[in-house]
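The residues making up each chain are set out below.
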Amino acid sequence: MKKSVFMGTLAAAGLVATGAMAQDAGSSTLAAVKDHGALKCGVNPGTPGFAAPDASGVWKGFDVDLCRAVAAAIFGDPEKVEYTPLTSAVRFTALSSGEVDMLARNTTWTFSRDVDLKAEFTGVNYYDGQGFMIPKDLGVSSAKELEGATVCIETGTTTELNLADYFRTNGMDYEPVPVESFTEAQNQFLAGACDVYTTDASALAASRASFENPSDYVVLPEIISKEPLGPLVRHGDSEWGDVVRWTLNAMVSAEELGVTSENATEMAAGTDNPEINRLLGVEGELGAMLGLPNEWAFNVITMVGNYGETFEANIGESTPVGLARGLNALWTEGGLIYSPPFR
Amino acid sequence: MTTMIDPPKADGFRISQLLYDTRYRAITIQVIAVIAFAMIAVFLLVNVNRNLASLGKEIDFGFLSNPSNYDIQQVLVDYSSQSSNLRAAYVGLLNTLFVAFLGCILATLIGVTAGVLRLSKNWLVAKIMTVYVETFRNIPVVIWIIATMAVLSEALPQPRAFRGENPDASMWLWDSVAVTGRGTYIPRPEWGAGSIFVVITFLLSLVAIWAFGRWSKRRFEATGQILPNVWIKLAIFAVPTLLVFFILGRPIALVSPALKGFNFQGGIQLSNSFLALWLALSVYTGSFIAEIVRSGILAISKGQSEAAFALGMRPSRTMNLVILPQALRVIIPPLISQFLNLTKNSSLALAVGYQDLRATLGGTTMNNTGRELECMLLMMMIYLVVSLLISSGMNVYNKSMKLKER
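Chains A and B, in that order, are what the protein sequence lines are. Per our numbering, the first sequence starts with residue 25, numbered consecutively. Per our numbering, the second sequence starts with residue 17, numbered consecutively.
I should point out that these hints are in silico values taken from the structure, not numbers from a laboratory. Any given hint might turn out to be false.
Some chain A residues near chain B, calculated using beta-carbon distances under 8 Å [said to hold, decoys possible]:
{"id": "1", "residue": "T117"}
{"id": "2", "residue": "S120"}
{"id": "3", "residue": "D140"}
{"id": "4", "residue": "L141"}
{"id": "5", "residue": "E171"}
{"id": "6", "residue": "G172"}
{"id": "7", "residue": "A173"}
{"id": "8", "residue": "T179"}
{"id": "9", "residue": "G180"}
{"id": "10", "residue": "A188"}
Don't be surprised by glycine CBs; every beta carbon is placed ideally from N, CA and C.
Isolated chain A (complex conformation) (with noise of 0.2 Å):
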């Protein structure tokens, strides 16, 4: 008798919250930050020049500004961000809670990432591959001479892969070092508890930059991977997918157009070049089709800065980070940084 009073309770249970679903998982993002008041984006707790607070407390750096540039696009305002520092090893996982909308956190764009760990990759805004950092006085001067090297690495990284691979295919021994954050890794790299500091060469150049004696300190010639690093979002709203990828693209795009923060108003009023009219929406419903003010291109631009404008002002060669735009200079000039026509 018990046994069937359990059985029937569990089986009415089961009816009742059944019905009781309300909630739809489906939901679209844009209208969800949009009820918010603000976009969550997910950064890097700490990479000088690409994320990291300044002494104020406001964050700063190349991957907010995308933050930023994804906030003006749909409020008007860059502001209005909520940042939430990820660690590489929780960045996904947060990612696909709904902690956060969007991520803009140097993370590299695989087939693994983009097809069975649901994530949508919304383009590339930093060609980097990985590279090595050593003291000088090990007189290390190839990657190939790293047999037996303590190595520091990031875990849930895609370099922590490659370093396998990289070690294995060339048949030598390393120890790693596992560590959870970058500035974990290089307390632990400047401690001398590895020999080796192995991450994207952009992050090893922001790291070495900030190094009391930079100097003291070499980056190998070896790139050992392709790492395409970019903003990403969750699998299936592909609407919220698209204004995350135009709105780099319209940063892109301003660049090639010769649109900066400085012209861009005074082009607003209306130019010869029908593509820049579109772009800022002097012409056409762009904005309209995105779920978008129709200025939103606009104001991405005067208010955060056209893709190379941003570039500069956080990791270009007259800040300390000192990256030169090599592989990320537009395909105009020898580069790889290109957007689909705005059409």
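For chain A, the structure is supplied; the task is to place chain B on it using the hints.
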């Protein structure tokens, strides 16, 4: 004489009785509670399933057989980046058990010593132990772990300091142990021909120690005479093994670590992340065990020790023969939960980069495959099983120490 409660009438059941009749009320409440609980559970399950389906991520454990593609620092069994994720999880589990096992032993040693010393009549010793207990148990363990790691890696010399004509640092114990900011390197035994006999002798002498202990105890209970047990046991422990060792021409050699390339090679490496985790967990848990031991000893009435003194027993013998056997009955049950705590706290290993189960299965594997739910469920299950095994093992010991009522 009338009965206090009328017998229930067979035909008189009304719905309202479910609430107002004490005979049925308990059942009603239980049924409602079960319904509520089951509703929440079903709601959660359905919700999870629906959300996963809408993400296109149905529950699938296939990723466990795919190659892990990452390396692990401390490997107790064969493992490479080509091994499967399951193997990586197994390596992580072994690392968890390794640090938990050594942690429980060290924590017990520290805890028992500190607990007994805290009751010492020597004011300074007692106060020092009070300060130890209060400092360590009132600061979160993760802070101790990170602080220990920082001290180890910042304060100790790096391998390159051992290099050169006039090195800044030198090895300890006749150049056999290197204590560095990367870890401590100890000599590794090299097993030559005949070393198996040494090992067998050693194991046999362990059995002999156990047998001697039983015989000596029975003799003590029968005659009241006490042998110098410690010395005899030490002799059985060392003499036969050493004899065989030298007779066979020293088949087991010790290979000292030596600086080669970037690091020390040739010895056994105890990485700093392991040492930091092990020491911090042991010292932290030891402070709780100290309090448990102290309370256990204080629970034995003063009359017991007074009676022992009156019989002319020395303080150490009073402690060993009268107080501790009784105190253990009070100490063991809370001690079990401290062991469980230590095991579970070892999952903070990732803070210092020690790759335990949480860092492999619940860290890199989860992150690379994106199977959060599966990894979490597996991890919870494994921790649950490990904890239950520890507590059932300790319960067997507890039973053997319990007061036997005849």
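Structure-based check of all given hints:
Nearest Cβ of chain B to the Cβ of A/T117: about 5 Å, under the 8 Å cut. The hint holds. Given the 8 Å rule on beta carbons, the hint for A/S120 holds: about 7 Å separates it from the nearest Cβ of chain B. Look at A/D140: its Cβ gets to within about 6 Å of chain B, closer than 8 Å, so that hint holds up. Satisfaction of the interface hint for A/L141 is found here, the shortest Cβ-Cβ separation to chain B being roughly 4 Å, below the 8 Å cut-off.
Because the smallest distance between the Cβ of A/E171 and any Cβ of chain B comes to about 6 Å, under 8 Å, the interface hint for this residue holds. About 4 Å separates the beta-carbon of A/G172 from the nearest beta-carbon of chain B, less than 8 Å, and the hint is met. Interface hint at A/A173: satisfied, since its Cβ lies 5 Å from the closest Cβ of chain B, which is below the 8 Å cut-off. Interface hint at A/T179: satisfied, since its Cβ lies 5 Å from the closest Cβ of chain B, which is below the 8 Å cut-off.
Hint status for A/G180: holds, given a least beta-carbon distance of 4 Å to chain B, under 8 Å. The restraint placing A/A188 at the interface with chain B holds, with a minimum CB-CB distance near 4 Å, inside the 8 Å limit.
Checked against the numbered hints above, the structure violates none of them.
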